[in-house]
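Produce the entire structure from the sequences given, and follow the hints as far as they go.
Protein chains: 4
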Amino acid sequence: MSNTRIEILDNGYIELIDMWGSDQSIVEAARMSTNKEFKGWGTPENPGDEKLLAFLWRNNHATPFEMAGAQIEVKAPIFVFREWHRHRTQSYNEMSARYTPLPDENYMPSVERLISVNAGTTNKQAAGVDQKQVSEEDALAWMANLASAYGMAQRVYEQGLTLGIPKELARLPVPVSRYSRMRAQANLRNWLGFLTLRMAPNAQWEIRQYADALHKILSEIFPRTLSLFDEGRSKL
Amino acid sequence: MSNTRIEILDNGYIELIDMWGSDQSIVEAARMSTNKEFKGWGTPENPGDEKLLAFLWRNNHATPFEMAGAQIEVKAPIFVFREWHRHRTQSYNEMSARYTPLPDENYMPSVERLISVNAGTTNKQAAGVDQKQVSEEDALAWMANLASAYGMAQRVYEQGLTLGIPKELARLPVPVSRYSRMRAQANLRNWLGFLTLRMAPNAQWEIRQYADALHKILSEIFPRTLSLFDEGRSKL
Amino acid sequence: MSNTRIEILDNGYIELIDMWGSDQSIVEAARMSTNKEFKGWGTPENPGDEKLLAFLWRNNHATPFEMAGAQIEVKAPIFVFREWHRHRTQSYNEMSARYTPLPDENYMPSVERLISVNAGTTNKQAAGVDQKQVSEEDALAWMANLASAYGMAQRVYEQGLTLGIPKELARLPVPVSRYSRMRAQANLRNWLGFLTLRMAPNAQWEIRQYADALHKILSEIFPRTLSLFDEGRSKL
Amino acid sequence: MSNTRIEILDNGYIELIDMWGSDQSIVEAARMSTNKEFKGWGTPENPGDEKLLAFLWRNNHATPFEMAGAQIEVKAPIFVFREWHRHRTQSYNEMSARYTPLPDENYMPSVERLISVNAGTTNKQAAGVDQKQVSEEDALAWMANLASAYGMAQRVYEQGLTLGIPKELARLPVPVSRYSRMRAQANLRNWLGFLTLRMAPNAQWEIRQYADALHKILSEIFPRTLSLFDEGRSKL
Numbered sequence: 001m002s003n004t005r006i007e008i009l010d011n012g013y014i015e016l017i018d019m020w021g022s023d024q025s026i027v028e029a030a031r032m033s034t035n036k037e038f039k040g041w042g043t044p045e046n047p048g049d050e051k052l053l054a055f056l057w058r059n060n061h062a063t064p065f066e067m068a069g070a071q072i073e074v075k076a077p078i079f080v081f082r083e084w085h086r087h088r089t090q091s092y093n094e095m096s097a098r099y100t101p102l103p104d105e106n107y108m109p110s111v112e113r114l115i116s117v118n119a120g121t122t123n124k125q126a127a128g129v130d131q132k133q134v135s136e137e138d139a140l141a142w143m144a145n146l147a148s149a150y151g152m153a154q155r156v157y158e159q160g161l162t163l164g165i166p167k168e169l170a171r172l173p174v175p176v177s178r179y180s181r182m183r184a185q186a187n188l189r190n191w192l193g194f195l196t197l198r199m200a201p202n203a204q205w206e207i208r209q210y211a212d213a214l215h216k217i218l219s220e221i222f223p224r225t226l227s228l229f230d231e232g233r234s235k236l
Numbered sequence: 237m238s239n240t241r242i243e244i245l246d247n248g249y250i251e252l253i254d255m256w257g258s259d260q261s262i263v264e265a266a267r268m269s270t271n272k273e274f275k276g277w278g279t280p281e282n283p284g285d286e287k288l289l290a291f292l293w294r295n296n297h298a299t300p301f302e303m304a305g306a307q308i309e310v311k312a313p314i315f316v317f318r319e320w321h322r323h324r325t326q327s328y329n330e331m332s333a334r335y336t337p338l339p340d341e342n343y344m345p346s347v348e349r350l351i352s353v354n355a356g357t358t359n360k361q362a363a364g365v366d367q368k369q370v371s372e373e374d375a376l377a378w379m380a381n382l383a384s385a386y387g388m389a390q391r392v393y394e395q396g397l398t399l400g401i402p403k404e405l406a407r408l409p410v411p412v413s414r415y416s417r418m419r420a421q422a423n424l425r426n427w428l429g430f431l432t433l434r435m436a437p438n439a440q441w442e443i444r445q446y447a448d449a450l451h452k453i454l455s456e457i458f459p460r461t462l463s464l465f466d467e468g469r470s471k472l
Numbered sequence: 473m474s475n476t477r478i479e480i481l482d483n484g485y486i487e488l489i490d491m492w493g494s495d496q497s498i499v500e501a502a503r504m505s506t507n508k509e510f511k512g513w514g515t516p517e518n519p520g521d522e523k524l525l526a527f528l529w530r531n532n533h534a535t536p537f538e539m540a541g542a543q544i545e546v547k548a549p550i551f552v553f554r555e556w557h558r559h560r561t562q563s564y565n566e567m568s569a570r571y572t573p574l575p576d577e578n579y580m581p582s583v584e585r586l587i588s589v590n591a592g593t594t595n596k597q598a599a600g601v602d603q604k605q606v607s608e609e610d611a612l613a614w615m616a617n618l619a620s621a622y623g624m625a626q627r628v629y630e631q632g633l634t635l636g637i638p639k640e641l642a643r644l645p646v647p648v649s650r651y652s653r654m655r656a657q658a659n660l661r662n663w664l665g666f667l668t669l670r671m672a673p674n675a676q677w678e679i680r681q682y683a684d685a686l687h688k689i690l691s692e693i694f695p696r697t698l699s700l701f702d703e704g705r706s707k708l
Numbered sequence: 709m710s711n712t713r714i715e716i717l718d719n720g721y722i723e724l725i726d727m728w729g730s731d732q733s734i735v736e737a738a739r740m741s742t743n744k745e746f747k748g749w750g751t752p753e754n755p756g757d758e759k760l761l762a763f764l765w766r767n768n769h770a771t772p773f774e775m776a777g778a779q780i781e782v783k784a785p786i787f788v789f790r791e792w793h794r795h796r797t798q799s800y801n802e803m804s805a806r807y808t809p810l811p812d813e814n815y816m817p818s819v820e821r822l823i824s825v826n827a828g829t830t831n832k833q834a835a836g837v838d839q840k841q842v843s844e845e846d847a848l849a850w851m852a853n854l855a856s857a858y859g860m861a862q863r864v865y866e867q868g869l870t871l872g873i874p875k876e877l878a879r880l881p882v883p884v885s886r887y888s889r890m891r892a893q894a895n896l897r898n899w900l901g902f903l904t905l906r907m908a909p910n911a912q913w914e915i916r917q918y919a920d921a922l923h924k925i926l927s928e929i930f931p932r933t934l935s936l937f938d939e940g941r942s943k944l
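Chains as they are written, first to last, in my numbering: chain A, 1 to 236; chain B, 237 to 472; chain C, 473 to 708; chain D, 709 to 944.
Derived by calculation from the structure, the hints in this document are not laboratory data.
A virtual CB, placed ideally from N, CA and C, is assigned to each residue, including glycine.
Certain hints may be false.
DSS-like, lysine-lysine: derived pairs with alpha carbons at most 30 Å apart [to be verified]: (1) D:Lys747 <-> D:Lys759; (2) C:Lys523 <-> C:Lys511; (3) D:Lys747 <-> A:Lys36; (4) D:Lys747 <-> D:Lys924; (5) C:Lys508 <-> C:Lys523; (6) A:Lys51 <-> A:Lys39; (7) B:Lys452 <-> C:Lys508; (8) C:Lys688 <-> B:Lys272; (9) A:Lys51 <-> A:Lys216; (10) A:Lys216 <-> A:Lys39; (11) B:Lys272 <-> B:Lys287; (12) A:Lys216 <-> D:Lys744.
Which chain A residues stay away from chain D? Per the calculated CB distances, all over 12 Å, these [to be verified]: (13) Arg5; (14) Gln71; (15) Pro109; (16) Ser180.
Covered by chain D, according to a simulated footprint, are these stretches of chain C (three or more residues, beta-carbon under 8 Å) [claimed, not checked]: (17) 627-634; (18) 641-648.
This is the structure in structure tokens:
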């Protein structure tokens, strides 16, 4: 288990903190139903319990996939956390602007991301493909204005803190692009549900970067299950 | 059941959309365990099933309180929704900046709220009571700066939309004080858990206004249960 | 909303106790995301919001379907409740043998059910299709023995109660075919998940009778959603 | 982490299968809110992060306690599993009588358990304290009858299987005292909620034996948290 951080966007990351269970413990749990035990993995010529794992996956026997899981640390913009926290089966502990001033780090998209709206997402409604294509010049100009807005928001935030405005109110100008940090934990079944929704082409490009990184981490620690997931999933 | 809106803060509200169950259906559900039925409410001299309801409440028999519930519509600033959505047993459908430009409404606290930090919250860490008291003059000056920051964020947001930046990116400068809107639903047990946390003195004053309004709505539709809740609760 | 009971098996039933929301409230909740409202149902020539409802269903936008729900009362054998209670998103209040002696009612399958194992289920492992076909004579003989076992279990149960053995221990001989009774509540999304698993051909025939009856009830109160469900579902 | 089984009742056990997190990871998760890290445990004279852990516990900051957990294997009578499965935040995989004949093992209480009803439970309703005291002679006679009922149920079960009755129906006479086996998993917060309800004096004595054993296991792997739990808990 590699605990190195995967860098994401301009200031974010995902890092594996802890895990439990394994591909094997999923099979062991499933074998409870027939009062039997794990028999061992096989070979391509002589397959073993990879057959049962595949059967469970393909027939939506979801509960054994709850018998493994992972805890991660994530640094991401608030608008990404807003989507993330809609997943109600995870456990979260996040930095709170009520208790600590949020460091001055905001997400600044790249020019490429701004002008390649159709590459960035297939979600037509969200991407606004009916709108005109953004020129590189316009994108750069807008980024400069965005940076100015970020700067002004931060000045007002800091001024409020200096004046003695409580942290919970001084934060009012902070933009939804501000980076926050959390620990998140879920069992494997629910992580796979998260990946299904957030790796999908109609997910916002930014949260997809996090989902892709998590997919990489999970593939390392639960390789057989993630390999089944990659074959195509629809139902867990 | 009054479906009128309760106005909250400068631009927000709570409105009851739907409900189900009643104080009586809580008793009926509890009577399942002894294979009996609701016997009727009594009088102070001759109490009826209010005794069972009180027994359930005081002894933390929580599941019967799941057999009633309410759906509400809420308009509140994003930072309030951020706290709200940590309640993972509710159902949510919220306005999305990916699909529609967020109307230009931000929460602007009153001078009184800004200068009465100790009245506003008993959470010492959040309120910053060790900091100096904010003067009315400073508060007014900061509010003017806050309004300017709101204005600049909105101009950059609108410019982005005009240039063809996708909605999901044009929103980056939007502050956490921006109003959003959602429908939220929970059963009564989980609403009472929400009230316990969000009516508490250490909850942020802003979300407490929403919790207080919800308390008023629930007191109208589940009067006997809320009356028990008001006696003091700790455990559901 | 018809509150009549649907009789199931030899002693069981399902009865609608309460409901909330409607096909319309699902559309209303979904419209939150674009800050719009319900526009009305249309006609075959001029379709209205039935198009949005179908879009939500077919694209697995599941959360709006949480904005409606139903509470039912169920009388079923313990082995059916054992499967039912694995659905962890429902609320339950059930009769308890710790608090009241369970009435002497046990499930006795019909001869047809016993001999038509292949008709009764397509679950090969469970049905034992590799075993020989049961003759009507054998089935009748076994039913007589089963009735005797039920009788003996009940005599020991009642003797224990008479002797003063606590109810919670006197129940030890009670068979898993004993009828119990509960109230169960879920939102529509989770009821549809229940139906998907329990109306499936590999579900045990007995719980399928309950799922089929619930499907009938839900079709009456949420006709448009259940009609989409009937088209074929896989993912909610 | 000792993976030895703790024997319970006449045929049951609990065994730790896996765990994740630690007392330290609870503190680490809580420190997210202030953007800080674990500082280390202290000594009685110079306390360290045990102070934060105690603060979290005593002030019902429950979510950090979700950042650790345990998976166990349990063998227990069906009536114990019936109570256990009402805890809807755990993950379960249990032996199924649809797929495998249940081994002929039933719970037979001891004479002491049968005659010491008041010692066995403080739940007056369940214990039947208004009933006469059971004599040792009566208890022994009842146990003999119970054993006969168990024997008859098993003969009918086996006869059904021999005749070709599907397993899912042949099981009908099986008593609720029959032993089953499962894997169960929960995070620490939810395990502590389980212990609160099932170690309580009004819980049935049999499930209390399982809760007590689990308490012993958790005390070994999360000693600081369980020590706080032992001080008295009411609210998580």
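Hint by hint, here is what the structure shows:
no., hint, verdict
1, D:Lys747 <-> D:Lys759, "holds, 11 Å"
2, C:Lys523 <-> C:Lys511, "holds, 11 Å"
3, D:Lys747 <-> A:Lys36, "violated, 45 Å"
4, D:Lys747 <-> D:Lys924, "holds, 28 Å"
5, C:Lys508 <-> C:Lys523, "holds, 15 Å"
6, A:Lys51 <-> A:Lys39, "holds, 11 Å"
7, B:Lys452 <-> C:Lys508, "holds, 27 Å"
8, C:Lys688 <-> B:Lys272, "holds, 27 Å"
9, A:Lys51 <-> A:Lys216, "holds, 23 Å"
10, A:Lys216 <-> A:Lys39, "holds, 28 Å"
11, B:Lys272 <-> B:Lys287, "holds, 15 Å"
12, A:Lys216 <-> D:Lys744, "holds, 27 Å"
13, Arg5, "holds, 15 Å"
14, Gln71, "violated, 6 Å"
15, Pro109, "holds, 24 Å"
16, Ser180, "violated, 9 Å"
17, 627-634, "holds (count 4)"
18, 641-648, "holds (count 7)"
In the structure shown, a violation is registered for the earlier hints numbered 3, 14, 16, in ascending order.
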